[in-house]
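Could you build all of it, start to finish, from the sequences and the hints given here?
Here the sequence shown stands for residues -24 to -1, 1 to 151, where the numbers follow mature numbering (1 follows the signal peptide of the UniProt record, and there is no 0).
Bear in mind the hints are in silico, worked out from the structure with no lab data behind them. Hints are supplied without guarantee of correctness; some may be wrong.
Said to hold, decoys possible - Within a straight-line C-alpha distance of at most 30 Å, the following computed DSS-like cross-link-like pairs (lysine-lysine) qualify:
1. Lys88 to Lys133
2. Lys124 to Lys92
3. Lys41 to Lys88
4. Lys88 to Lys128
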Amino acid sequence: MWLIMKVFLLQILAFLLFGGGIYCQASTRRLTFVVKEASYTRLCSTKNILTVNGQFPGPTIYAKKGETIIVDVYNKGKENITIHWHGVSMPRYPWTDGPEYITQCPIQPGSKFSQKIILSFEEGTLWWHAHSDWTRNTVHGAIIIYPKNGTKYPFPKPNAEIPIILGISVVTFKG
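Next up, the structure:
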């Protein structure tokens, strides 16, 4: 009986050492999003808008399937904000999914919140956007998720990629 228990414990130990190592191979990266107002001119009209890292649209996130991304969001704006990772399944970290007052309390002005995104099965082009009030008009960007290393695209590999993000801007004419 003691021998059977030893063999069983050795099998569990071997699984944890070798099988657990396979799970831990996915990389984790940390990104920083600084949300703040910036002066922006379009169609001969200048206004202050919320940007991420001074960009409009915000930065494109490039990742591989299986990666974990931690995004540190610093709210330097005047309004509450949340970020939603559209098309990304968040079963392990639902409180970082972005819908304000539903899964997450808003990130208040002057605060920071770290959002953990595990790209378990997602692949392709998705997007992220603010999920608070009017902030979603200018706080958004693309997420491009490539296949894991050693796997192929489910379609012919593209020669080039050009993310196109459509947004809306309201211009008020005085007259």
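Against the structure, the hints come out as follows:
1. Lys88 to Lys133: It is violated: about 38 Å lies between the C-alpha atoms, which goes past 30 Å.
2. Lys124 to Lys92: holds, 19 Å
3. Lys41 to Lys88: holds, 26 Å
4. Lys88 to Lys128: Violated. Lys88 to Lys128 sits at ~37 Å, over the 30 Å cutoff.
This entry does not satisfy hints 1 and 4, going by the numbered hints stated previously.
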